[in-house]
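J.: Residue numbers (the numbering used here), protein chains in the order written: chain A, 6 to 780; chain B, 40 to 523.
Rather than coming from a laboratory, the hints here were simulated on the basis of the structure.
Some clues are possibly wrong.
Calculated pairs, DMTMM-like style, for lysine to aspartate or glutamate (alpha carbon to alpha carbon, straight line, at most 25 Å) [as the list claims (entries may be wrong)]:
1. A:K510 to B:D448
2. A:K171 to B:D381
3. A:K166 to B:D331
4. B:K191 to A:D506
If we take Cβ atoms under 7 Å as the criterion, some of the chain A residues that face chain B in the derived model are [what the hints assert, rightly or not]:
5. L19
6. A147
7. L174
8. S285
9. T288
10. L370
11. G492
12. A680
The structure displayed is predicted, hence computed values, not measured ones.
Yeah, the Cβ is synthetic: ideal placement off N, Cα and C, and Gly gets one too.
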Amino acid sequence: MQNLLFFTLIGLGLGALYAMLGMSVVVAYRGSGVVNFAQGAMAMYVVFNYTQLRSAGQIFLPWINFLPGRHTPVEITITHGPMPFVPAILMSILMAVFIGALVHYLVFRPLRNASALGKVVASVGLLLYLQAVALLNFGQLARQLPPVFPGGAWSNFLGLKHGYPKENLYAALAAVVMAGVVWALFRYTRLGLATRAAAENEKGAVLLGFSPDALAGSSWVIASLIGAAGGFVVGPIAGQLTPVAYDTFIVPALGAALVGMMSSIPLTLVGGLALGVLESLVTYLASKTWFPSWLSGGNALASAIPLLVIAAVLYLRGNALPTRGMVGEKRLPPASRPVHVGIWVAVCAAAALIYGSLLHGPWALALTTTMIVSILMLSYVVITGYVGQISLAQLGLSGVAAFFMVKLMSNGSAKNNPFPIHGPGLPMIVAIPLAVALAVVIGIVIGLPAVRIRGVQLAIITLAAGVTLVDLYFNNPKLTGVQQGSGAQVPRPDLLGLNLDVAGKKGLSDHFAFTVFVLVLLIAVAVMVCNLRKSATGRRFLAIRANERAAAASGVNVTRSKLVAFALAAGIAGLSGCLLAFQQQNVSSANFDPLLGLAFLAFAYLGGISSVNGALIGGFIATSGIWPYFLQSHFNHLQNYWVLLGGLGLILTAILNPLGIAPAVQAMMHLLFDALRRWRAPEWIRAGRRLGPPIVIGGVLGYVFWGRHAHSAYWATIDGIVLALMLRSIGLQIWAAWQRRRQYAVGVGPAVAAAGPLGATAAGPGVRPHDGELV
Amino acid sequence: MASLAIVMAACSSSSNKSTSATSAAGGTSATSAGATGGAACSSPDTSIDAQEGQYAGWMQAVLNCTAKKPVKATGAPVTIGFINSQGDPNGSFPDVTAGGQATVDYINNELGGIGGDPLKGTPGRPIKLVTCYQTIAPSSSTSCANQVVSQKPVMIFSGYQFFGQVVDPIYAAAGIPVVNFSPITQADFQGKNIYDIAAGGGCVGVHPALISFSVYNLHAKNLAIPWANTPPGVPCYYDLEQKPVEVINGSLTPTPQGVKLVQGLKEKGYPVPPAAPDLSATAAQILAQKPDTIIFSGQASDCFNVMNALANAGWTSQQIPMVLSGACMDTKQIAQAGSKVDGVYFVGSSYNLLDPTSATGLPQQEIQTINTKMKQYQPSQTPTGLEAAMFQTIMTTWLTLQNSPAASDPTASAIGTALQNTSKVHMFAGVPWGCQSAPQNYSSVCSTQVSVLQWTGSKFKTVTKPFDASYIVAGTPLHETGSG
């Protein structure tokens, strides 16, 4: 009993971190409606600056020296040598304010009326951007935060016969104080009341003269400050500071925020502390001999705690979870009815076959990666694009199928494998359907909460489910059979005597038979998803996406349809996992990292999450696909900047192209076909005038810069043309966006655009400047 | 469409085909000095070979000779792959790349490349590095392996590689030998045509030494072993920490030759998830065990997380000795951690490569060379232990190949054979190594020599001479993975 009490108390330190990050999530959500997955990264960047100030008296602004050969202001030396505590804290607070304001004005303000998924994508981009900037500015060396509170331990604390770290208790007290301050801020100040009002009813707040934009901006600043404070206070006990230091805390922090119903600061505090205490208790109990060994040494259960708490909260209070009201929120892109499916299949299949037969080695690998990821993206099309449910567990589900398939195909043979997995040795043609079936079952279980909740809340619980799958299953040798941490070695795929091994000649991953195998499955799944959209089931899905209540009123069984969608999506994701296993030949939990899943969702969104061709484009641009490989092979000197550019690209695309790339490609294709059918000489001449210069300039530059180093001068020229056309397209879109802003500025935009600080406006009739009250 | 140009694979991988070294970076007076040849130097003093390993005398003569008369490589380059983890916020090691680049530049510009005779001033062929940088993701590793193998290198230097089990089969199928900078996964320990010639053999060399030093030198009988609960950490604990304890206390038989039994020796393991927040609960459990010694091995940040948690719970190294692996030997981290590190032991590769005073004789001269050439060829890089270790790895490979048939016939098969047949060969700034004497079940681990250092508050003090503790597990069956 003494030990239980001790380990309860010792978990308060960790709980304090969860609580403070959770509070910052709640504040940002209340002010702007964004569930910010980058909240930990924002805190990380401020705390890095704090350590830099304390050690060298410098700060680094949140960008890099982006003008080669020029000195852009990034590093600012304030004192030559370590800065004392108080000025360093004050400078760090300023940095937190600066970052909060930047995040609002540059990222989320332009996305104010975007769909929830668009905001999720932008927050993922922000996460990657801040991580990359931290790595480039501060380096890889992990840093130890100087303690804010006195260190050391109370020996025999409360007579419990253990030394209790003083910092843990101080951190918990700091979290309580912080919660009190934030609660009072929202309870008693005008700003807080206005923010709460806007969170309840944003339209009402606008009518009362408050500017949601200004409220959101101040909320972002406050959220940034709270997160940074958590980093200062709890950082020393949270371990070494690295660019990815606080990322994994976002799941329990979101759990704490959900306990607080995404609105209550005191409940968020309680939730965070409770999560920390529970993790500590599990760590203690896992050391007991009676603790089930299949729970993987306690890690699995500890990882599952946020999921269990979130599930419990959702079960008990799911209907009460607030969905933040918005002045205007765009829906997901339209899911247009697929046409000319046969033609597209023939064209894409021919292109893939030509590509696969002509290009080998890493290019062939990039093709199969693109196709496998495209299948995964199709699962997002079904669950998110058609039904409107944000699931962040799809990659985890593909992992379930991959590990289970390997187990089913293994037979314990030690030939060429010192760590064999014992299993029934089923043939591939049996193992794949069974593995997919397991993914379907798990997918339905994960989808159960969707019956009661939707939107970002569902995203949070599915993210927690993905994290749990990693520790409960993928990293659990009792379930996977993986020995010695060696990963699960995948038996050679063999379909009725046909060798489908990915390894081709000379060991490269370019076996043409495997490429064709993946292509066939991709086509099958793509056609199935197209037909799904056209079927009665697809129409029910779209009805639910549009309005659940209306769908139910018109006779659609919402619960059943949602679970069918989760099952279908899980099955498709499972198939992609099986193919990924064959391609990699060895799978481990690293293949199915939940944060990687978050990135995949972002790419699915960018490709166009509501259409099959969007999924194909998503696979094309996603990690290790053809497009990234193309860029890497031509811009290898940018190797340290890929993550930064990726993050930046996600943010920009979410802002500039919220419908995804597919609609734009579709429009281009229509234009092209239309041109081929109808254009005559004058039209071609006009097009030549527009596109000719970039084509010529790009071709020449491509040949000059890459002609000697790329695979051939021919390819280099084409590369240059493609890039030049893309740059032209980007320029035109930025120009168009600027034009749109100008139109808003002259009064065409929504009413809120005219509102000043807290609703003050010079233009709005009946609104008094400066105080925002109606007169 | 617009964003295609800038939307890049987040957390994506690699970039490829940067070549280097034929024309050399660096740029010093030495670079231009020795175009092709000079007067012959004195012949090697082979009398030191018995102590420092085969070709030690030759290496010494080359260092002395080329310091005065550098020899620049000429002719058709020999293509060698270089893969490293870089540019990913989850783990980026540009200093390893810098070490590799500096070494190749040094070899090309001053040592005559591959196949020459620097003692006679005869130039050989320059090395052309085909580089690829990967992120910490299996797909990125696979992509990099394919990119480099498609360039047809004769061998590959692998920097930090966390997914050896994914890429090693690709190298094996292509028949390309791989020299690992730091073996991490089980595939690195047993892979075909994989050679781990430095860094103390990873946990195969270091972990039995952690146990050996704690038991035989510190006379501990009750060990607390927090261990990194990562895929590489699992076998390193179960097979190379828990098993040596079972061997030494006699519960695992037959006892390998030379092992001195210690009755009553026991251990308790505590899984530490990577980058775990707040290890207070784990620290409290460790201290409740009242261990004689605490042992930990993991990435540097985790080492100090464990140490901080223990210190916050009242631990000091004066009360309970702590023995850490060489991966924790990061002087910047130690400086940040402050006085709590005082008295902590570190088991790492044979010498401190940044401190010439940690060795004498030829190794000292070689450590000086490493530090001089790193500054010369990578002036923008602050020298680090990782950079020096990569320098050591490539130099050791080079001197081995130069004294083998592979020098005149640098093909993949010849290089593989040369590395495989090594026995008591001199290690640059290290102690002799050889793949012929690799421990059973760890056929790729060619060097398991380590030594113990102690942090005194301002510098490392050498506690033991280089020693090899892998004999404790030699020939024992691989442990099944337990929970975790």
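J.: Next step is simple, just say for each hint if it's right about the structure.
T.: Consistency of the hints with the structure:
no.	hint	in the structure
1	A:K510 to B:D448	holds (24 Å)
2	A:K171 to B:D381	holds (22 Å)
3	A:K166 to B:D331	holds (19 Å)
4	B:K191 to A:D506	holds (22 Å)
5	L19	holds (4 Å)
6	A147	holds (4 Å)
7	L174	violated (11 Å)
8	S285	holds (4 Å)
9	T288	holds (4 Å)
10	L370	holds (5 Å)
11	G492	holds (5 Å)
12	A680	violated (16 Å)
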